[in-house]
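Student: Spelled out from the first residue to the last, the chains are:
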Amino acid sequence: MRYIPHTDEDIREMQEAIGISDLDELFTSVPAECRRETPMDLPDPMTEWDLEAHMQELAGKMSNCAGTKVYIGSGSYSHHIPSFIPYVAGRQEFVTAYTPYQPEMSQGTLQAMYEYQTYAAHLMGTEVANASMYDGGTAMAEAALMALRINKKRNTVAVSSAVHPLYRRILSTYFLPTDFKLVELPMTADGRTDISAVAGMDDLAAVVVQSPNFFGCIEDVQAAAEAAHGVKALAIVGFTEALAYGLLKSPGSLGADIVCGEGQSLGLSQSFGGPGLGMFGCTLKQVRNMPGRVVGRANDGDGTPGFVLTLSTREQHIRREKATSNICSNAGHCALTAGMYMASLGGTGLRQLAELNRSKAEYLKGELVKAGFEVVYSSPTFNEFTVKAPAGFAARRKEMLAQNIVAGLPIERWYPELKDHYVFCVTETSTKKDLDHLVQEVAK
Amino acid sequence: MIGRIVKEAAIDHREGTSGLIFNEPLLWERGSKGRTAFSMPKCDVPEAAVDADLVRDDLDLPDLSELEVVRHYTRLSQWNFGVDSGMYPLGSCTMKYNPKINDKLATLPGFARAHPLQDDELSQGVLEMVWNLEQFLSAITGLGATSLQPAAGAHGEYAGMQVFAAYHRSQGRQRTKILIPDTAHGTNPASAALCGYTSVGIKIGADGILDPAEVAELMDEDTAGIMITNPNTLGLFESNLKEIADIVHAKGGLLYGDGANMNAILGVADLGRIGVDVLHFNLHKTFSTPHGGGGPGSGPICVAGHLEQFLPVPRVVKDGEMFRVVDECGTALGSLHPFFGQIGVMLRAYCYILSLGADGLRRTSEMAVLNANYIKEKLKDVYELAFDQPCMHEAVFSDGKQKDHGVTTLDIAKRLMDLGYHPPTIYFPLIVHGAIMIEPTESESKQQIDAFIEAMRAIAIEAEQDPELLKASPQRFKVGRLDEVAAARKPVLQG
Chain A
2 MRYIPHTDED IREMQEAIGI SDLDELFTSV PAECRRETPM DLPDPMTEWD
52 LEAHMQELAG KMSNCAGTKV YIGSGSYSHH IPSFIPYVAG RQEFVTAYTP
102 YQPEMSQGTL QAMYEYQTYA AHLMGTEVAN ASMYDGGTAM AEAALMALRI
152 NKKRNTVAVS SAVHPLYRRI LSTYFLPTDF KLVELPMTAD GRTDISAVAG
202 MDDLAAVVVQ SPNFFGCIED VQAAAEAAHG VKALAIVGFT EALAYGLLKS
252 PGSLGADIVC GEGQSLGLSQ SFGGPGLGMF GCTLKQVRNM PGRVVGRAND
302 GDGTPGFVLT LSTREQHIRR EKATSNICSN AGHCALTAGM YMASLGGTGL
352 RQLAELNRSK AEYLKGELVK AGFEVVYSSP TFNEFTVKAP AGFAARRKEM
402 LAQNIVAGLP IERWYPELKD HYVFCVTETS TKKDLDHLVQ EVAK
Chain B
399 MIGRIVKEAA IDHREGTSGL IFNEPLLWER GSKGRTAFSM PKCDVPEAAV
449 DADLVRDDLD LPDLSELEVV RHYTRLSQWN FGVDSGMYPL GSCTMKYNPK
499 INDKLATLPG FARAHPLQDD ELSQGVLEMV WNLEQFLSAI TGLGATSLQP
549 AAGAHGEYAG MQVFAAYHRS QGRQRTKILI PDTAHGTNPA SAALCGYTSV
599 GIKIGADGIL DPAEVAELMD EDTAGIMITN PNTLGLFESN LKEIADIVHA
649 KGGLLYGDGA NMNAILGVAD LGRIGVDVLH FNLHKTFSTP HGGGGPGSGP
699 ICVAGHLEQF LPVPRVVKDG EMFRVVDECG TALGSLHPFF GQIGVMLRAY
749 CYILSLGADG LRRTSEMAVL NANYIKEKLK DVYELAFDQP CMHEAVFSDG
799 KQKDHGVTTL DIAKRLMDLG YHPPTIYFPL IVHGAIMIEP TESESKQQID
849 AFIEAMRAIA IEAEQDPELL KASPQRFKVG RLDEVAAARK PVLQG
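Chains as they are written, first to last, in the numbering used here: chain A, 2 to 445; chain B, 399 to 893.
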């Protein structure tokens, strides 16, 4: 077997050194009643070449080769990734390393994490950012738990119904075996959170909104933060599309106490929804309540500067059941990649790319209106928006799948009152020609 | 050999500005406004500005050229040590070789560009992979059903505790406590606490494994079950596990198996037969997916058949020739990830299992256990063994023999770096004072293992003859030993 280097001679010598004559003797501590009675039922081993053929066949059963157009965002976004990024991020010194517990031989990972933290904090407008959570959804759940730790005497979190329904489902799952409660905030007719509902909710530990929200609408984050603070709750702002903050005012600058979201847009492939990148930032004052790994500066005995994992007394391996989270392996390599992606764009490029996304989406919005769609909400949007489709669109959309065009995401399954409503997403990967073709097909 | 090492250590290798140790500054100390590394598409639609009061004007990140970014990260990578650089015997982390073909196949465009919410008929390939991999993991454990959703090992533990909670809810009564032996993985108590369980510690017996009598004494009807790492963090198989399972089940509890150490018992143990109710795998340990310097991992859970109804959604089902996504919660515990979990990681593990097959996986465990026992035999006269008995995939030593010379486990670990090895896991498990936990994995050849043994033995001699050398280690890196205490006292977390 190509991954096992032992020759018969090696095995014989090693058995001799240990004082056994048969490999089965290695497992004498496994009693008969704990043993397998039959071999594992698995396919016969494949050569590298057979494996490649099998995987190519599976990949071929996906529509997602060149030419497929998926006009869905909702937590996973199609963006261009510069070719050098997977090359350089794929350097095996990064990829095959473990969590940098031994800093002297992990300075590469550590400096890259420190740079990512700096960029992420800047993008989100927070004083600090951690080295990553798993994804945007679990990051939001951890943010809510963090707020409940800080606001110890309160046990309720208010979450906007315009937060991604799949993120809200994670929140309610995390709360289910606890005494914590979730309440939902309604929406206004313009597609944003009705933040006035917060007034008078005196038992809230936190208020959670997402901006741009699930419907694509840009929330009034400042008003949400003020309303939260008005009832002495923390303001948590989530996001699914990190690129929006290349253009929009950062949640931190608008008063959010905790900012969390999905960073997949920053140079990670979509990969059917994972791995993603949970971005997480907060105020310096609350850093000791923050979940997750964090890298800080340190000096050696000669005063040479370097980087280490720090504030680990918050973490599971030290604080055990009183830890700020159980998280251990996170999305380290995804964070490194996102740092590299942000570096490749720079401040100028992030702004330009974000503007391009907004312009493309506005164009499609206008063209769909001409084709008989109705823009449901009047609030400004970034690269996603919600429309109500004309009669017969569901069948047309189904037909278009055969041409590898996915025309928006139907959202009725999460919002039964929003029959025939679709959220569309457009990014820089679609040209005007693509969009015109989409509208043409939709109108057929 | 030893003399040469002592002599060379006098050279200061830390200047960091020449040879192959470049002195690379932080990203923002490079660059100039107007550079870019991104091929920006032109705007071919009318520009549509957003309201000015929504727009930020503070995004001050440096502009860099492509070569600047490439060189920056290439240099950083040269300050890093990975499995591809050398032996990485980090106990309980299973740092085995990560096959390159798996990286290539996991990133085929059909997978890499797939959207998790696209219609099922466009996603048959990845849904088939999910379905197959679930079958494989169930077959490997002997358990009834698998969910691939948890995003890492600790997330798998948490998913398992959620299954416990869902099960006890279905029985009409929630329980408040969970038993956790002191040989369990460090994350276990925190994972249980997230589900509202209070951990009750169990001391292990004199032979390093759990005594069923201890479990019987603590297990009651207010206890949800027990979380056992098997093989445990001393590298020992919990030989009384079946009896423990019976005790826990008799009181209406469940048995959780932390499978982080499954690399020791593939094809050997039958977890279903033992009576394990829930078990998580770390695909990034047992099934060779890269650790990435701290993730992404993947922590699938396998459950006994009667618990399948509680597994998180969405789930993939086979419907004739078609694979479909089922997303209704029903009795499920809910959802722990927005989508299906770490698909990119699963694809790699899937490739690994297909490459080895049943015999190859069993061979993997045999060689991992052989390597560990060989190291144990060859080092036990110079390093104190925590428990002198045959081990599984890892052996736990301590600095017991070295501390008389003022040398600690940390000193030994740092010196090992200078000799070209990543140190073992140190100071864990907590029950062994000054623990040195060595897990060689099956990937390392006898020659490599012999060289590692020689290095460890050389350090044992150095500890007696030149303890100051060990205290001054490491010396062959860009930085020397970093002051972690000062870093935590006054944290500087961003530039």
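I should point out that these hints are in silico values taken from the structure, not numbers from a laboratory. In this text, all values refer to a predicted model and were calculated from it rather than measured experimentally. Incorrect hints may have been included.
In silico SDA-like links for lysine to any residue, alpha-carbon gap of 20 Å or less [what the hints assert, rightly or not]:
id, chain 1, residue 1, chain 2, residue 2
1, A, Lys-153, A, Asp-191
2, B, Lys-440, A, Asp-435
3, B, Lys-498, A, Met-2
4, A, Lys-182, B, Thr-574
Non-contacting residues of chain B with respect to chain A, defined by C-beta distances greater than 10 Å in every case (computed) [what the hints assert, rightly or not]:
id, residue
5, Glu-422
6, Asp-456
7, Leu-616
8, Ala-667
9, Leu-783
10, Gly-798
11, Lys-799
12, Ala-811
13, Glu-840
14, Ser-843
15, Lys-844
16, Glu-866
17, Leu-867
18, Lys-876
From the three backbone atoms N, C-alpha and C, an ideal C-beta is built for every residue, glycine too.
Student: So, for every hint listed, does it hold in this structure?
Tutor: Structure-based check of each hint:
With a CA separation close to 35 Å, the supplied pair Lys-153 (chain A) and Asp-191 (chain A) exceeds the 20 Å bound. Restraint check: the Cα-Cα separation between Lys-440 (chain B) and Asp-435 (chain A) comes to about 14 Å, which is no more than 20 Å; the hinted pair holds. Between the alpha carbons of Lys-498 (chain B) and Met-2 (chain A) the distance comes to roughly 15 Å, so the proposed pair stays at or under 20 Å and holds. Of the supplied pair hints, the one linking Lys-182 (chain A) and Thr-574 (chain B) holds, its CA atoms being roughly 19 Å apart against a limit of 20 Å.
Its closest Cβ contact with chain A, about 8 Å, brings Glu-422 (chain B) to no more than 10 Å, contrary to its assignment away from the interface. A beta-carbon of chain A comes within 10 Å of the beta-carbon of Asp-456 (chain B); the shortest separation is about 7 Å. With a closest Cβ-Cβ approach of about 16 Å to chain A, Leu-616 (chain B) is found to remain outside the 10 Å limit, as its non-interface label requires. The Cβ of Ala-667 (chain B) sits about 5 Å from the closest Cβ of chain A, inside the 10 Å cut-off, so the non-interface label is violated.
With a closest Cβ-Cβ approach of about 14 Å to chain A, Leu-783 (chain B) is found to remain outside the 10 Å limit, as its non-interface label requires. For Gly-798 (chain B), the non-interface assignment is confirmed: its Cβ lies about 22 Å from the closest Cβ of chain A, beyond the 10 Å cut-off. Separation of Lys-799 (chain B) from chain A is adequate, the least Cβ-Cβ distance of about 21 Å exceeding the 10 Å criterion. Against chain A, the non-interface label of Ala-811 (chain B) is violated: not every CB pair exceeds 10 Å, the least being about 7 Å.
Look at Glu-840 (chain B): its CB is around 5 Å from the nearest CB on chain A, not clear of 10 Å, so calling it non-interface is violated. Distance check on Ser-843 (chain B): its Cβ comes as close as 4 Å (rounded) to a Cβ of chain A, failing to clear the 10 Å threshold; non-interface status is violated. Its closest Cβ contact with chain A, about 4 Å, brings Lys-844 (chain B) to no more than 10 Å, contrary to its assignment away from the interface. For Glu-866 (chain B), the non-interface assignment is confirmed: its Cβ lies about 13 Å from the closest Cβ of chain A, beyond the 10 Å cut-off.
With a least CB separation of 14 Å from chain A, Leu-867 (chain B) remains clear of the 10 Å interface cut-off, as annotated. For Lys-876 (chain B), the shortest C-beta to C-beta distance to chain A comes to about 5 Å, within the 10 Å cut-off, and the non-interface label is violated.
Hints 1, 5, 6, 8, 12, 13, 14, 15, 18, counting from the list given before, are not met by this structure.
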